[in-house]
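The hints should help you fit chain B onto chain A, whose structure is shown.
Residue numbers (UniProt numbering), protein chains in the order written: chain A, 1 to 257; chain B, 1 to 200.
Please keep in mind that the hints were generated in silico from the structure rather than gathered at the bench.
Here are the simulated SDA-like cross-link-like pairs (lysine to any residue), alpha carbons at most 25 angstroms apart as the crow flies:
{"#": "1", "chain 1": "A", "residue 1": "K37", "chain 2": "B", "residue 2": "S180"}
{"#": "2", "chain 1": "A", "residue 1": "K62", "chain 2": "B", "residue 2": "Q128"}
{"#": "3", "chain 1": "A", "residue 1": "K62", "chain 2": "B", "residue 2": "E125"}
{"#": "4", "chain 1": "A", "residue 1": "K62", "chain 2": "B", "residue 2": "T82"}
{"#": "5", "chain 1": "B", "residue 1": "K143", "chain 2": "B", "residue 2": "V169"}
{"#": "6", "chain 1": "B", "residue 1": "K67", "chain 2": "B", "residue 2": "V195"}
{"#": "7", "chain 1": "B", "residue 1": "K95", "chain 2": "B", "residue 2": "V126"}
{"#": "8", "chain 1": "B", "residue 1": "K68", "chain 2": "A", "residue 2": "N30"}
{"#": "9", "chain 1": "A", "residue 1": "K62", "chain 2": "B", "residue 2": "F7"}
{"#": "10", "chain 1": "B", "residue 1": "K142", "chain 2": "A", "residue 2": "D14"}
{"#": "11", "chain 1": "B", "residue 1": "K186", "chain 2": "A", "residue 2": "N30"}
{"#": "12", "chain 1": "B", "residue 1": "K156", "chain 2": "A", "residue 2": "T16"}
{"#": "13", "chain 1": "B", "residue 1": "K173", "chain 2": "B", "residue 2": "Q136"}
{"#": "14", "chain 1": "B", "residue 1": "K142", "chain 2": "A", "residue 2": "Q43"}
{"#": "15", "chain 1": "A", "residue 1": "K66", "chain 2": "B", "residue 2": "Q32"}
{"#": "16", "chain 1": "A", "residue 1": "K145", "chain 2": "A", "residue 2": "G215"}
{"#": "17", "chain 1": "B", "residue 1": "K143", "chain 2": "A", "residue 2": "T16"}
{"#": "18", "chain 1": "B", "residue 1": "K78", "chain 2": "A", "residue 2": "Q57"}
{"#": "19", "chain 1": "A", "residue 1": "K254", "chain 2": "A", "residue 2": "Q239"}
{"#": "20", "chain 1": "B", "residue 1": "K156", "chain 2": "A", "residue 2": "Y12"}
{"#": "21", "chain 1": "B", "residue 1": "K78", "chain 2": "B", "residue 2": "L90"}
{"#": "22", "chain 1": "B", "residue 1": "K176", "chain 2": "A", "residue 2": "N11"}
Residues of chain A placed beyond 12 angstroms of chain B at every Cβ, according to the derived structure:
{"#": "23", "residue": "T125"}
{"#": "24", "residue": "E186"}
{"#": "25", "residue": "T195"}
{"#": "26", "residue": "S241"}
As the structure is a prediction and not an experimental result, all values here were calculated from the model.
Yeah, the Cβ is synthetic: ideal placement off N, Cα and C, and Gly gets one too.
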Amino acid sequence: MEGRNEHLLINYLDRTLEEKEMREMEALINNDLETRKQWQYLQLAVEAVEYAALYDQVAAVKEQYKTIQPAEVLQAPQKQAVRIRMRRAFSVAAGLLLCVIGLGAYKYFTVSATQVYEKAFVQYTLSTTRSGATVNELEQAFRNKNWNTVIAALNRSSLTDNKALFLAGMAHLQLQQYAESNMLFEQVLANNAQTGDDYFQDEAEFYAAMSNLAGHKTREAIRLLKKIKADKDHLYNKQASQIGNIDLKILTLKAGK
Amino acid sequence: MIKGNLFSDTELIAAIGRGDELNSAIFFIYQQYSTTIQSFILANNGTPPDAEDIFQETVVTFIDLVKKDKFRGEASVKTFLTAIARNLWLNELKKRARSDVREKAFEHSRESSELDVSQHMADREVKQQFLSVLNQLGESCKKLLTLFYYENLSMKDILHHLPYENEQVVRNKKYKCLQSLTELVKQNPVIAGLVNQQVK
Chain A
1 MEGRNEHLLI NYLDRTLEEK EMREMEALIN NDLETRKQWQ YLQLAVEAVE YAALYDQVAA
61 VKEQYKTIQP AEVLQAPQKQ AVRIRMRRAF SVAAGLLLCV IGLGAYKYFT VSATQVYEKA
121 FVQYTLSTTR SGATVNELEQ AFRNKNWNTV IAALNRSSLT DNKALFLAGM AHLQLQQYAE
181 SNMLFEQVLA NNAQTGDDYF QDEAEFYAAM SNLAGHKTRE AIRLLKKIKA DKDHLYNKQA
241 SQIGNIDLKI LTLKAGK
Chain B
1 MIKGNLFSDT ELIAAIGRGD ELNSAIFFIY QQYSTTIQSF ILANNGTPPD AEDIFQETVV
61 TFIDLVKKDK FRGEASVKTF LTAIARNLWL NELKKRARSD VREKAFEHSR ESSELDVSQH
121 MADREVKQQF LSVLNQLGES CKKLLTLFYY ENLSMKDILH HLPYENEQVV RNKKYKCLQS
181 LTELVKQNPV IAGLVNQQVK
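Okay, chain A solo, but in the shape it has when bound:
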């Protein structure tokens, strides 16, 4: 093929010919076998360029993809291992959570003012160092666990002595007369507040707490118990500390209903 025709064919391919030349070239391609063949080779050459370029482009992207992919492949088992560990951890945590919830529920439903009272209550043992004629009668009745006699002795004497008041309060408590016992313990506390003394203060506080628990005056009981627990020097600190904070919170929650 002549060089000029080849040049024209390339220009025809690139669409850089004038319109008249384009039509002439089209006619030549259609009518001249050699030109048509040359045109085919030229088209295939350009197609080869495009195909090779696309091939290279895909190869380049593939390489970029592969730089990411191996890391992902390597990470996959680790992720899986982590997932397995996480799953186990979650299983254990879920088990523990269920246990905690179960224990919590059990605790919530079993803790009551009565239950705490029974747990914390301790029999009061009368000391022999403190003495007095009337009190002795009262004390004797107390030692004999003759609760009604204790109460009667107090009523007869109109004593306001903290010891008599306290013992009579204890007698009421033993008889499950919580309102009366509580009134007497409060009187002890009121006396001390007035005199600035602490005679039977600790005893009155603790058993007032017990009395309030048993009498379902839970808020007042909790207030007293917290005070006793916070005071390391309180006579009944150890006894009150047997009541856990969770129990107190549950009692508070229940009292709030």
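Frame of chain A; chain B shown alone:
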């Protein structure tokens, strides 16, 4: 870095057609389909390099067909890619003259309803010869022709990419390069055979 776009089938075809997001589209195809299709090659007596090569060729063929408007969403992209890969791999197996029994078994295993893409695909051997002749061409010519015919850059733009003095020099060089390539194409027996079949 190529951004990891997500494409629907329609968006993918459109992106390939426009050519402005081609790298993202190729990356997406690798992300979405390479594992499945390469697994298919591996499951049919292919080695990992076979699977990688066939998938790469599948992607090239797919994009080539989309660019030539020979895929118009008659099937999903996944179905179409799988059909191309099957076709290419079967072709490769035949070429390697592996066990006839195995090939026949594979061939028979193809579902009758499977998409037939063979009619869309140009002779694979010719495509491979395209790569061969381009490799015979010098690197500078390959680059220049790629910028002009594949990247569609003007002579002026090509000046920014290649160390030529002016547009006329680029024009002359490009003309000579295309002449050289056409000569290589003519001399290639496979391509020449195709042309002789077509021009009678």
